[in-house]
Structures are given as structure tokens and as C-alpha cells.
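K.L.:
Spelled out, the chains give:
There are 2 protein chains.
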Amino acid sequence: MLKVAYLGTAYCGWQVQPNGISIEQILNENLSDLFGEDVKVIGASRTDAGVHALGNIAVFDTESRMPGDKVSFALNQRLPEDIVIQGSKEVDPDFHPRHADSVKTYEYRILNTTFDNPLRSAQTCFYYMKLDVNLMRRGAQYLLGEHDFSSFCAPRTQVTDFVRNIFSIDIEREGEEIVIRIKGNGFLYNMVRIIAGTLMEIGRGKIPPEEMKDILEAKDRTAAGPTAPAKGLTLVEIKYTE
Amino acid sequence: MLKVAYLGTAYCGWQVQPNGISIEQILNENLSDLFGEDVKVIGASRTDAGVHALGNIAVFDTESRMPGDKVSFALNQRLPEDIVIQGSKEVDPDFHPRHADSVKTYEYRILNTTFDNPLRSAQTCFYYMKLDVNLMRRGAQYLLGEHDFSSFCAPRTQVTDFVRNIFSIDIEREGEEIVIRIKGNGFLYNMVRIIAGTLMEIGRGKIPPEEMKDILEAKDRTAAGPTAPAKGLTLVEIKYTE
Chain A
1 MLKVAYLGTA YCGWQVQPNG ISIEQILNEN LSDLFGEDVK VIGASRTDAG
51 VHALGNIAVF DTESRMPGDK VSFALNQRLP EDIVIQGSKE VDPDFHPRHA
101 DSVKTYEYRI LNTTFDNPLR SAQTCFYYMK LDVNLMRRGA QYLLGEHDFS
151 SFCAPRTQVT DFVRNIFSID IEREGEEIVI RIKGNGFLYN MVRIIAGTLM
201 EIGRGKIPPE EMKDILEAKD RTAAGPTAPA KGLTLVEIKY TE
Chain S
1 MLKVAYLGTA YCGWQVQPNG ISIEQILNEN LSDLFGEDVK VIGASRTDAG
51 VHALGNIAVF DTESRMPGDK VSFALNQRLP EDIVIQGSKE VDPDFHPRHA
101 DSVKTYEYRI LNTTFDNPLR SAQTCFYYMK LDVNLMRRGA QYLLGEHDFS
151 SFCAPRTQVT DFVRNIFSID IEREGEEIVI RIKGNGFLYN MVRIIAGTLM
201 EIGRGKIPPE EMKDILEAKD RTAAGPTAPA KGLTLVEIKY TE
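Chains as they are written, first to last, in this note's numbering: chain A, 1 to 242; chain S, 1 to 242.
Quick caveat, the hints were computed from the structure, so don't treat them as lab data.
Just so we're clear, the structure is a prediction, and the values are computed from it rather than from any experiment.
Take these hints with a grain of salt, some might be off.
What the hints assert, rightly or not - Where chain S lies over chain A, by a calculated footprint (3+ residues, C-beta under 8 Å):
id : segment
1  : 3-11
2  : 72-82
3  : 85-96
4  : 116-122
Virtual Cβ for every residue (Gly too), placed ideally from N, Cα, C.
Given these sequences and hints, build the entire structure.
P.N.:
Below is the structure:
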């Protein structure tokens, strides 16, 4: 099992795609080179183009006898500097990172200033209109718990079950940034970015916080706010609970 | 007067150079385009290749009647996303940003973890050996005040006066990062990076903190530690005191 961190800026996302280079492809190529056999990773979260991670999870099968904890160091020697393994260990061959129960933590970072900050622009969404964090918090509370999140799912999806459980949403100011930290048992396609985009509309006073309840109940993507840009989103952690 | 922020990664530094693109050149080109006349900026600090800034200062002459505070917005429309003007105002035509007295604040950021963080690697120096912040603080105190900093100046320089005044050096942990924040009336070529490199040697126990006194008194570059990488350094602020 690999804990994978990456700056998503240069990639077409996690999943192998015909146009563009994916994180999955870079890992497959470098693991195959390292072990001299054909290696294919299975990722826990197929993050979108431009989305970052501090702790995505990937597993793979290998004939190699390299100790699990040494793989991270050997692999980091080969990887480009925008992908860094944060740790590795051997796991049960039956373990599947998408089928096992987990708590996923995402962070969405908004740079809420008059001017963009070039030292932070790769990892934040610049938003110059003043945002009221208290309004955002009031809107976010309606999303807590188990709901059908169809309103917060991009149409392009093969999913049929739109019920997910959000355990917590914390919204804090960190200097010039507003951080939306969401924990849940799973997220639909673009779900965190649509939640962030809707919370920004609430924060600037365009949507009243109470309307979040109606948006959720509408079960219709067009009821919610815009999809916030990918570059503000980071998959922080996946914790397996079983 | 422009307050200029930039991610230095893609640039050969502030100053126009035959090989590579400089911040100065980008500003000259875009200001000349904006005003339809030949504009040349004078920068306060000629930062090195790869060094970042949140608040470098530049001035220029123009025939334009655009109000000073509007220049930042007009110029940001044209600039690449890794250079962002943080504000602009009209100043006295005699003002020279390098001749006026000022307090300059630099930050050197060290990512002191087992694995590099790809979300922070453009703006930090990754250092995996454990650093003792208290040792670094003890070493730093010898540098406070007015001294001849020849030991902390790269040989390639036309400067003849090596005396500078350091007002403060604060060393703090911020999560996984160690931040060295230095304020002074001016800095020699590579001075902050040589101080940071020497403090890292002290922090890992290779040089005793008391030896900083001898290094300073040696007035010899070879007495100090290595020059820390450019990417960890940011010019945070220049405050004019007159």
C-alpha cells in the first residue's frame, strides 16, 4: 500500500486517459521499472485533473521481495518531483482500497484577498469578493449526515446510488485563506467542488444559507452553485476503518 | 511604485540577463505595452534565480496619466500568473528604491520531514535530517546587530562595504516547516541563504551554536556553512523608514 502525495497541476488526474499524463500511469511505469515486471496500481480515489493529494492510497501486486516499507524510498528516487510517496507497507492481498470502508478528508482552499498570491495560486482558488465565513458555516450544517447528494454530483457519472454520509465540515480562516475541510465516507463526482462553489455563493451573500436545505432536497445539479476550480482541492487523508 | 509578488521558479531572477527570462524584463515589456512608451523599472531588491517575493518594490517613470492606484489592476490583466502586483501608488520622482533607508524582511522555509511535500516543494527547502530549533536560535543570536558579514557573502560581488545591520531573526516551527524570518537594513549577495545554510548545520548538530561568533569574526566565506537552495527564500516585505 502506497500513500501518495502529488501536485495535480501538470496531470490529467489520477486515472489513465488517452489525452494527457495521469498519476496512475506515472506510478505504473516507475513501479514496473523498479520491479522489472508489469505492475498496475489500484487507487482509492480517482482524483480529477488539477486536483492535489497529500494522502491518496494505491495498492498493487508484485513478485518482488522488497520489504514493504522500503518501496517508498526506492520509488521516490525515480518519481518526478511533483509526485512523492509518503510511506508504504505490505497489506493483505484481498484488500481493495475502494471497497473497504473509509473516512476521506478533503480540503478546499480559497484565497480571499484583493490580489492573487503567486506563491499560493497552484494550491488555492483566488476569490476577490469578500466571503462571510459565518454564513458559509450556517449553510454547511445542512449537509451533515446521510443524504442523497444528487444536487452536488456532476452529470457525467455512472453512479446510481447518490447517498453519502458527511461526518463534518469545518470552515476556518488561516491567514488570507479560507479552508473548507470535509470528512465523509465517500464523495460523488465533483461533489466537494460543487459544495465549495455553493458555499462561496452563500459566503458572498448571493444565496441565503437556509437555501442549502432546498438545494439538497431538489436532488438536481442545477439547483446548486458552480463547480469550484480543481486547483483549490486537495485529498488530505483516507483512513480505513475496518 | 509597484509592490511585486512572484513565484521565482521559472525566472533567472529579478535582473535582466542574456540567458533566461527575468522579472524585470516581464515588467518592462508589459508596462511599455500598457502605456505605449518605453518603460524601465528600477527594483529595490535584485533577487536571485529561483527566489520568490511577496513584496519586492519597483518604480518607473511614465508620461501616462493613469491614477497610481489603478496601475496594479491594469498591469495584472497582462502579467503571467506567477507575477502579481499587490498594489501601486504614485511616489516622488526623486525616490530611489535602493537608496532610501528601509527594513527588509526575508523568510527562509525548511520542510523538515521524512518525505518531501509536492504541494510545498516550490516554496520550501526539503531537509530530512532532524533540526533542533533551539540550537538554531542560539546560533542566530550572534548575528544580531551591526557586523561585517563578509563570511556570509558569496564571492561574486562588487560590494566593498560588508557591514549590515540585522534587527531580528525569528525561528519558528509552522507545522512541518521551520521558518527563519530575518529583518535587516540590507543584505549582501546570498547572505540570507548562507545564514540559512549555516543555521541548518547548527540545527543538525554539526556546528555548535557558539561557533557562529567565530564564523562571523573570520570575515571569510569558507568559514560559514553551505548556501541553502534559492527555492526556500522569499522576500516578504520592504518597509521604507524615511
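K.L.:
Could you check the structure against the hints above and give me the numbers of any it violates, in ascending order?
P.N.:
Going through the list in order, the structure violates no hint and respects every one.
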